Amino acid sequence: MFKQIWLKESKDIWRDKKTLWFIVLFPTLVIPALLGGVIYFSVVSMQGKFDEVLRFQVHAPPAWQSVIHEQLAGHDKLVGVESKTDGSAERIRQAVNQGSVDFVLVIPEDFEPTRAKVSDWQLYYNQADDLGQFDRIDEVLQPLFERWQDDHRQRWHLSQVQADVLTKPVRLDWVGTADKREDLGEKIGGMLPYILLLLCLMGAMMPALDIGAGEKERGTLETLLLTPVARSTIVFAKFTVIATSSLLVAFLTIASGLGWSLLLGQFFALEALVEVVSAIGLLDLTLILAMLVPISLFYAAMLLAVSIYARTYKEGQNYMAPFNFLAILPAMVAMIPGLEFSGWVPWAPIVNVTLATKELLKGTMVYWDLLPVFMTNFALALALLLFCTYWFRREQVLFR
Amino acid sequence: MIEVKGLAKRFALENPKAGSESGHRDPRQRGRFFHSVEQVSLSCKPGEVLGLIGPNGAGKTTTLRMLSGVLQPDRGEVVIDGEELHRDDGSVRRKVGFLSATTAIYERLTVEENLRYFGQLYGLTPSLCDERIEALCSQLDMDDFRHRRVLDLSSGMKQRANIARAVVHQPKVIIFDEPTTGLDIMSTETILQFIDSQKQAGRPVIFSTHHLEEVSLLCDQLSVILVGRSNYNGPLEAFAGSRDAVALRRTFMQQHERSMTVAGSMEAADVQADLA
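In the order they appear, the protein sequences are chains A and B. In terms of my numbering, the first sequence opens at residue 1 and continues consecutively. In terms of my numbering, the second sequence opens at residue 1 and continues consecutively.
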């Protein structure tokens with residue numbers, strides 16, 4: 001009887017356009033298209049900002065005004081504008097903030113490069129608008145600074161090495177030991193399990209509402225209860241359909257995510273991402289998917305219990321909102337900086353899945369440590385399934 | 001043969017104060033519970049049609065739900081062919097064919113898919129299932145729409161498909177709760193003819209209705225439920241002295257008014273008890 005109910009429930013929910021939309025089209029097309037679109041427009045927008053021509057003003061002693069101005073104007077993306085400000089800090093801030101000029105360089109009146117004194121220059125710019133486009137100011141002024149530094153060195157009869165030692169006696173070379181996979185895994189590894197868990201929840205929600213509260217509202221649940229099939233069999237079949245759908249969403253998301261990453265990597269400069277995706281072995285990928293099994297079972301049992309209690313589809317949606325928050329909260333823990341997969345974490349359901357996924361993505365997982373992850377989450381799912389079965393036998397729940 | 005003895009069923013109230021605040025407390029509301037059915041007995045022999053009548057909220061649907069097996073009675077028993085329905089692992093439930101306003105069929109499946117599914121759940125073999133589907137589609141004029149999804153059918157077509165669902169497993173007892181409510185004349189006629197055919201086939205049929213013309217036309221026995229209790233059980237003719245629908249209505253209204261007076265005095269006694 002389980003098989004018949006499972007097949008019927010599956011056929012029933014697949015004929016619902018909402019299910020098709022949320023379980024297949026959403027993870028495979030809509031989410032990648034949205035993410036891809038956001039990334040594409042961010043890149044285009046940043047590139048546009050970076051290529052923007054910056055307008056500048058220079059306030060310098062008369063002897064140096066044209067030298068500095070010409071030096072800056074030598075860059076093809078810097079253009080000088082006529083100075084209309086009196087050079088006071090307040091006027092300059094106002095001009096920059098109003099956008100009549102992008103930056104203003106202020107050089108003290110007593111500046112003389114031959115003097116043995118460090119000169120304090122000021123560069124006014126809107127730092128909130130800085131996406132790296134202001135770096136070109138340093139680049140274009142650097143040769144001038146180096147020329148003046150060289151004049152000092154020769155005047156003081158110093159060799160190049162002596163001058164270098166004076167300005168920077170130690171050169172510290174930072175050597176990173178993490179490979180690209182670990183590095184990128186640490187950066188994106190917190191976000192990915194959160195998205196996966198969210199999708200598992202979403203994949204379970206639609207069918208849970210439909211075959212629990214939806215069936216109650218449409219009157220088909222009572223028809224099913226008339227049959228001689230044991231209520232535990234009915235619950236188990238419904239539960240399995242929900243869990244399958246939840247897992248399907250997660251699986252499709254991972255598959256489409258990998259596919260889209262590799263595809264987009266061909267068109268955008270995402271070599272590092274492609275390298276990381278290629279480096280995640282089949283075993284690690286299988287383990288990430290396997291950990292989603294108990295999570296899907298847990299969500300399926302929880303949402304089915306909530307859905308059965310509700311009188312209508314809408315009431316079910318209202319009840320599910322706070323439960324969703326409870327289910328998602330532990331997933332957010334993975335994004336807390338510094339929290340690692342050790343100590344109590346491997347024994348905390350859901351939280352352990354998110355952090356273990358992060359470790360697997362980084363390639364730093366000790367596989368034996370996954371044992372408590374599976375044990376705790378399967379135990380939680382089983383407990384909820386038993387509760388769901390008990391819940392489904394109660395007339396007060398079914399015939400509210 | 002179906003025999004129902006002393007059925008009672010109560011439900012816990014979500015908001016026990018709601019009834020007393022409105023000032024119209026049903027005497028069946030006591031403490032945290034609403035005693036929907038307090039004492040209902042009836043019996044229906046093979047080849048008989050029993051009409052169950054009573055005003056809205058009298059306890060008809062709760063009684064029929066207990067007869068179908070979906071609700072467990074707090075007290076009393078339902079015996080079908082000598083076997084107690086609620087002490088069973090589900091096999092006695094196969095003997096009941098039940099239809100009510102709250103038992104629908106799956107709208108995203110076709111009529112035939114629905115019938116096959118419920119046939120399977122009642123343990124029919126695939127060949128027997130096919131045989132039954134053919135026979136029911138022919139008997140209930142469903143051949144034209146058997147391959148259409150239920151969602152696309154009219155309410156009359158849906159009701160016919162639902163009746164076929166209720167009897168696909170060839171039950172020993174047929175229980176219909178207001179089967180003609182909201183249907184057009186043609187669909188009502190088909191259903192009444194179907195009930196009659198079941199009677200001719202020697203099955204006991206229990207059906208509840210608000211249409212006394214249907215009772216007058218089809219029933220051999222009558223059971224009246226008022227305020228959760230059996231008010232009358234017996235031959236139809238004996239209730240009003242004739243099968244005429246007008247006489248049935250007049251007698252029913254007299255019985256109803258009498259029961260309301262009794263219920264009113266019970267409520268007054270309850271209020272006095274509360275005040276004391």
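Derived by calculation from the structure, the hints in this document are not laboratory data. All values reported here derive from a predicted model rather than from experimental measurement. C-beta atoms are modelled at their ideal positions from N, C-alpha and C, and glycine is treated no differently. Among the clues, some could well be false.
[Stated by the list, open to error] Examples of chain B residues lying across from chain A (beta carbon under 8 Å, computed):
| hint | residue |
| --- | --- |
| 1 | A8 |
| 2 | S68 |
| 3 | S91 |
[Said to hold, decoys possible] If you want the footprint, here are the derived chain A segments under chain B, 3+ residues with CB under 8 Å:
| hint | segment |
| --- | --- |
| 4 | 7 to 17 |
| 5 | 36 to 44 |
| 6 | 116 to 124 |
[To be verified] Here are the simulated DSS-like cross-link-like pairs (lysine-lysine), alpha carbons at most 27 Å apart as the crow flies:
| hint | chain 1 | residue 1 | chain 2 | residue 2 |
| --- | --- | --- | --- | --- |
| 7 | B | K158 | B | K172 |
| 8 | B | K199 | B | K172 |
| 9 | A | K3 | B | K45 |
| 10 | B | K5 | B | K158 |
| 11 | A | K17 | A | K3 |
| 12 | B | K199 | A | K11 |
| 13 | B | K45 | A | K17 |
| 14 | A | K314 | B | K158 |
| 15 | B | K158 | A | K18 |
field: Coverage of the segment 7 to 17 of chain A by chain B (three or more Cβ within 8 Å)
entry: Holds: 5 residues of the segment 7 to 17 of chain A have a Cβ under 8 Å from chain B.
query: Does K172(B) lie within 27 Å of K158(B) when you go C-alpha to C-alpha?
result: holds (23 Å)
query: Taking 27 Å as the top limit, are the C-alpha atoms of K5(B) and K158(B) close enough?
result: Roughly 34 Å separates the two Cα atoms, so the pair is violated.
27 Å Cα cutoff - pair K17(A), K3(A): holds (23 Å)
query: Close enough to count: is the Cβ of A8(B) nearer than 8 Å to one in chain A?
result: violated (14 Å)
Proposed proximity, K11(A) with K199(B) (alpha carbon, max 27 Å): Status violated; Cα separation ~36 Å.
- prompt: Holds or violated: are the alpha carbons of K45(B) and K17(A) at most 27 Å from each other?
  reply: Violated, at about 48 Å.
- prompt: Taking 8 Å as the limit, does the beta-carbon of S91(B) come near enough to a beta-carbon in chain A?
  reply: Holds, about 6 Å.
Verdict on chain B covering the segment 36 to 44 of chain A, where coverage means 3 or more residues with a C-beta closer than 8 Å: Answer violated; 0 residues pass the 8 Å Cβ test.
Verdict on chain B covering the segment 116 to 124 of chain A, where coverage means 3 or more residues with a C-beta closer than 8 Å: violated (count 0)
Agreement of K314(A) and K158(B) with the hint, judged by alpha carbon distance not exceeding 27 Å: The given pair, whose Cα atoms are some 24 Å apart, holds under the 27 Å limit.
task: Could you grab the alpha-carbon distance between K199(B) and K172(B) and see if it respects the 27 Å cut-off?
output: The hint holds at about 11 Å.
Comparing the model with each earlier hint shows violations of hints 1, 5, 6, 9, 10, 12, 13; every other hint is respected.
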